[in-house]
Amino acid sequence: MKMLRNISCLTILLSFFGTIAFASGMVWSLKEAAKPYEGTTVDVVFLLRPGYEAIEAMLPAFEEETGISINIIKHPYENALGEQVRDFVAGGDLDIALIDLVWIGNFAENEWIVPLADIQAKFPDIVDPDLDIDDFFPLVLNAFGGWNDVVYGLPFDNYSGLLFYNRCTLQESGFDTPPQTWEELKDVYGPALTGDGKYAFALQSKRNETQSADSFARMLWPFGGSFLDADFRSNLNSAESQAGLKFRQDLMQYMPDGIVAYDHAETVNAFSQGDVAMITEWSAFYSTVVSPDTSKVADCVEIAPEPKGPAGRKPALGGFSLAVASQADEAEQAAAYLFIQWATSKANAREYLERGGVPARQSVYMQDGLEDFKFVPALVESWQDGVPEFRPRFAEWPEITEIVQEWGTKIMLGEVTTEEGAQEIGTRMEDVLEAAGYYSGDKPLAQ
Amino acid sequence: MYRQVPRKTIFTFIGPAVIGLAMVGIAPLLYAVWTSLHFYNLTKLKRVEFIGLENYWKVLTDEVFWQAMGRTFFLLGTALPLQIALGLIIALVLHQPGLTMLKTLGRLSLVLPMATTYAVVGLLGQVMFNQKFGVVNQLLGGANINWIGDPNNAFFMIIFWDVWQWTPFVALVLLAGLTMVPIEIEEAARLETKSNWILLRFVQLPFLVPGLVAVLILRTADTLKLFDMVFTLTRGGPGSSTEFISLMIQRVGFRGFDQGLASAQAIILLIITIVLAQLYIRVFYKEV
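In order, the protein sequence lines correspond to chains A and B. Under our numbering, the first sequence has 149 at position 149, and the numbering climbs by one with no breaks. Under our numbering, the second sequence has 71 at position 71, and the numbering climbs by one with no breaks.
Just chain B, same shape as in the assembly (with noise of 0.2 Å):
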C-alpha cells in the first residue's frame, strides 16, 4: 500500500539539494554561457559587450585551440588503452585464487598513486626526471636524458605519470567487475576450455563492460580536464608540447583574463565531453 507522498514533503526533501547543486553547479555554468557571448576580460572591464557568437567564432577558427586538442586526443588515445590494458592484467592477477595476504597488499598499494594530488605528482616529476639528479637517469644507468626540456620526451612523462597514477583505478574498477562474475559460470566455463583468452572474452568481459565504460567516460573526463599535473611539471612546454586544453584555457582566462574567450573554449569542450560521453553509452551498451 503506498500513500501519495505530498509534494510540500518531497519540494522539503529534495529542494535544498537542488537549490545546493544549482548554485555551485548551475550557476556558474550559466555564468560562463553569459560572458562567452561578451568581449570580458578582467584588466578591461570598462569595455565589457555584447559580441555575441564572435567568441565561438574564434575558437573554432582558432588553430592553437585545435592543436591543443588533438594533443589532448593523442593523450587520451596512448594512454586511455594503456590504462586499460594494465589495469585488466592487474585485475586478473588479483582475481586468482590463492595468495590472500599478498593480494590485499596488492589492492591497498593500488590506492596509493590514485591518492597523491596530481600537484604533487608534477612535482614528483621535476625531481625525479630532472636530466641531472633525477633517479630515472640515474636508474636507467646515468643516462643523460633530457625529459623536460625536450617536447617528445615531455610528452612522453606526461603519458606515464597519468598511466602511474590512473591504472590502479582501472584495475579496482575491472577487479569489482570481475568479482561479479557469477562463480558457478566461472567455474562451468573452465571445465568447457583451458584458454584463459576465451574464458575472458565470453565469460568475464560481459561482466566488465558496465565497468569499462565507465572508466571510458570518467577518463576521458578526467584527460579533458587535466591540468594540476601538467601545469606543475612543464607549465604546458617546452613550446606548447604538452600544452593540452585545460591549460589553454587556464592560460587564456587566467593569464591573458580574456574570460569571454576562455568561456567559449570552456563551453564548447564540455559539448565535446557531454557528446563523447553519449557515444561511449550507446556504442558500448549495444554491443552488451
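For reference, chain A alone in the conformation it holds in the complex (with noise of 0.2 Å):
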C-alpha cells in the first residue's frame, strides 16, 4: 500500500514537473520535433565562402540527430541569384532561398519566401524556445532578413565591412595605428605605403556586384551621399555623393594597376601575400588572411572598423539570411525552418565562429576566450553604425546594379567624369524606378 502510494505521488510529482518542464519549453528537442519529417531531403543553395564550410562542416551533426539530409547546392557568389531566381520561377527544387541582403525584397514581393511568423503557426512544434530572435543583432536581422516590417529570413553569413591591415607593414613606415579617416588613408598612409611594387591599398572594384557594393557605394555613405534622395530621385550628383566618388579617384594612385578587375579573390590575395598594405573587406575573410596556408602575412594581419568619412563611419554592411521557400512542400517547409533555426541558433553559434563563419547573435560576442577573433571588436561596432540601405533593398536592385557596375568602371578607368557617370546613372536608375510605378504612386517608396 505503502509503495502503492509512493508510486502514485512520484507519478504525480513526475506530470507536475513535466508539464511545468513542457510549458516552459525545457522538453523541446531538436530529435523529437524533427521526427515527422525524417527522411525528408532540403535542398539549398551555398557560396564558396568561408562561412558555409564552417555549417557544411557541422552538418553531419544535424543530419545524424533529426534524419533530415541537407542537399547543398555550391555556386560562386555571382550565379547565385539567376540559379535561385530561374529555380522559383520554374518551380523547382529549392526548399530553402539564401538571400543576400539586396535580393530579399525581390524574393518577397514575388512571393518566393514564406515570413517567419507563418511558419512558426503553422509547425508550432518545431520551433525552439530558445530561439530568442531579439539575440540577432536588430540591424542585421532587419537588413538581411526583414522586408516591409516582416522577418522572413534569419541571419545566417554575416558582413560587415572591416579594415584590414598589416600591422608590420605599417609599423616599418612608423604608424603604429592604422587611420581613422579615409582622409588620413589617403593623404598620409597612400603616400608612405606606396612605392616599390607596393601599394597602400586595394579597393576592390570588378565589374560586377563587387562594383557596385564595395566600391562605389562605399564610397558614397562616408562622405554623406546615397543613391537616392527622399523623393527616390538620384542622389549621385550631390555635393556629398560626388566627394565620395571623387575621393576614390584620387585614391586609386594608391592602389595596384588594374584595380577595375580585382574581385574578393585579388583582393585579398594581395593583402595575403604583402603586396597592399590596407584593404575594406568583409569579415568573412577573415579567416583566409590569417590562415598561414593561405596567407603569408598571417603573423602580422589586425583589424579596425573602416576608416571614417566627413558624414561618419557608415560602414559597408552585407550579408545572407535563409528563409523557407514557399515552393516547397509542407514536410520540406519543416525540414527547412529546422535546419534554419539550427544553422543561426545561439547553441551553435560559438561553434560556427570557431569553425570560421561570423554568426549574427549577439551573445556569442559577449562570451570570454574571443581573443584570437581580432575581427570581433570591430565588428560588433561597425554594426552599430551600419546603415541597412546601404545598396537599396528594393526588387530593382538586379536592374540597378548592372547599371552602376558598367559606370562606375567607366568613372574609375576615367572614360567619363564623376558627373557625367553619376549622370547616366540617375538617369537610367530613374528609368527603371518610374516603369516599376515608384513615381506614378502605384508602388510606395520602399525606403
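Hints are computed from structural coordinates only; laboratory data are not their basis. Certain hints may be false.
Only pairs whose alpha carbons sit at most 27 Å apart, straight line, appear in this in silico BS3-like list of lysine-lysine [said to hold, decoys possible]:
#, chain 1, residue 1, chain 2, residue 2
1, B, LYS44, A, LYS443
2, A, LYS74, B, LYS44
3, A, LYS198, A, LYS374
Take the two lone chains and join them into the complex the hints point to.
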C-alpha cells in the first residue's frame, strides 16, 4: 500500500514537473521535433565562402540527430541569384532561399519566401523555445532577413566591412595605428606605403556586385552621399556623393594597377601576399587572411573598423539570411525551418565562429575566450553604425546594380567624369524606378 | 527503275527528326519571338504584358547595344583576317611534300586548341596573363603589363586567344581545300611559273573558296555568339571594353532578368547573322 502511495506521489510529481518543463519549453528537443520529417531532403544553395564551409563541417551532427538530409548546391556568388530566380520561377527543387540583403525585396515581393511567423504558426511544434530572435543584432536581422517590417529569413552568413591592415608594414613606415579617417588613409598612409611594387590600399572594384557594393557604395555613405534622395530621385550628383566618388578617383593612385579587375579573391590575395598594406573587406574573409596556409602575413594581420568619412563611419554592410521557400511542400518547409533554426541558433554560434563563420548572435560576442578573433570588436562596432540601405534593397536592385557596375567602372577608368557617370547612372536608375511604378504612386517608396 | 515511295514511309523516317528539331530549335525560337514582344522580366512575372515592338525599338535606339555590336565586329575584323592569314600559311606548309611524320604531328597538334573548352581557355588566360604571376609577363622578360585590368590590353588578350584557338580550324579547312587541287594541274602550273603567289592565286585559291566561305560563315557566327571564354576571362570588363554582344544579351537576360529585351536583342543578332551569311555566299560564290 505504502509502495503504491509512493508510486502515485512520484507519478504526480513527475507529471507536475513534466507539465512545467513542457510549458517552459525545457523538454523541446531537435530530435523529437524533427521526428515527423525524418528522411526529408532539403535543397539549398551555398556559396563558396568560409561561412558555408563552416556550417557544412557541422552538418553531420544535424543530419544524424534529425534524419533530415541537406542537399547543398554550391555556386559562386555571381551565379547564386540567377540560379535561385530560375529555380523559383520554374517551381524547382529549392526548399531554402539564400538571400543577400539586396535580394530580399525581390524574393519577398514575388512571394518566393515565407514569413517566419507563418512557418512558426503552421508548425508550432518545431519552434525552438530558445530561438531568442532578439539575440540577433537588430540591424542585421532587419537588413538581411526583413522586408517591410516582416521577418522572412534568419541572418546566416553575416558581413560588415572592416579594415584589414598589415601591422608589420605599417610599423615599418612608422605607423602604430591604422588610419582613423578616409582622408588620413589617402593623404598620410597612401604616399608612405606605396612604392617598389607595394601599395597602400586596394579597393575591390571588378565589374559585378563588387563594383556597386564594395567600391561605389563604400565611397558614397561616409561622405554623406547616397543612391537616392527622400523622393526616390537620384542623389548621385549631390555635393556629398560627388565628394565620395572623386575621393575614390584620387585614392586610386595608391592602389594596384588594374584595380577594376580586382574581385574579392584578388584583393584578399594581394593583401595575403603582402603586396597591399590595407584593404576594406568583409568580415567573412578573416579566416582566409589569418591562416598561414593561405596568407604570408597571417601573423601581422590586424583588424579595425572602416575609416570614418565626413559623415561618420558608415561601413559597408552585407550578408545573407536563410528563409523557407514557398515552393517547398509541407514536410520540406518544416525540415527547412529546422535547419535554418539550427544553423543560426545561439547554441551553435560559438562553433560556427570557431570554424570560420560569422554569426549574428549578440550573445556569442559576449563570451570569454574570443581574443583570437581579432575582428570581433570592430565587427560589433560596425554593426552599431551600419546603414541598412547601404545598397537599396528593393526588387529593382538587380537592374540598378548592372547600371552602377557599368558606369562606376567607366568612372574609375576615366572614360567619363564622376559627374557624367553619376548623371548617366541617375537617369537610367530613375527610368527603372519609373517603370516599376514608384513615381506614379503605384508602388510605395520602399525605403 | 524508281518506285514511288509512299508518303507514310517518308513521314515515318523523317518525321521523328523533324519533330525533334522543331522541339529543340524552332520552339525556343518561337518562344523567344513571343517574349520579345512582351514585357517579360523573370522577377516581375505578375506584370507580363504585350508591348508590341517596344523592346525592338529600345534595342535599336540603345547606344550600349550598338557599342557592343561595334566591339564584336571589331573583334571579327581583327581576329578573322589573322586567322585566315595564319591558317593559310600553316595549310601551305603542311601541304608541302615530304616530312610526313612531322606533318602528321603538326596536324594532330592543330586539333588541341580546338578541343579545349572555351571556358577553360578563359581560365587559362586568367592565370597566364596575370600581371604579377603570369607566364606571359615572365616570358616578356619580367614585364609589368597589366593585361586584364587595362581596356586595350584586355581586348588584345581576347583577340590573342581567339586567334590561338581558331587558327588551327581555318588551317585544317584550307588544308582540306588544298588536297582537292588535282596534282596534275598543280604540277602543270609549276612548270609554267616559279611564283608561289601565282600558283596560289590562280590554281589553288579557286579550290579554297568553298572552304573559305564556310570559314567566314562559321567564324562570323561563332564570333557573334562568343561568350564562354570572355565571360571567364574578363566578364566583359574592365568597364565595357570586352562586352561583346552575346555577353550583353546574357547580362540583360540573366543578370537583369529582362528576358523580353534580351530576346529582342537575340532576334536582331540572329537576323544580322543570317544576312551576313547570305552576303558571304552571294559575294564569294559569284567570284568563283
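These are the hints, each one checked on the structure:
| no. | hint | result |
| --- | --- | --- |
| 1 | B/LYS44 <-> A/LYS443 | 13 Å, holds |
| 2 | A/LYS74 <-> B/LYS44 | 26 Å, holds |
| 3 | A/LYS198 <-> A/LYS374 | 25 Å, holds |
Checked against the numbered hints above, the structure violates none of them.
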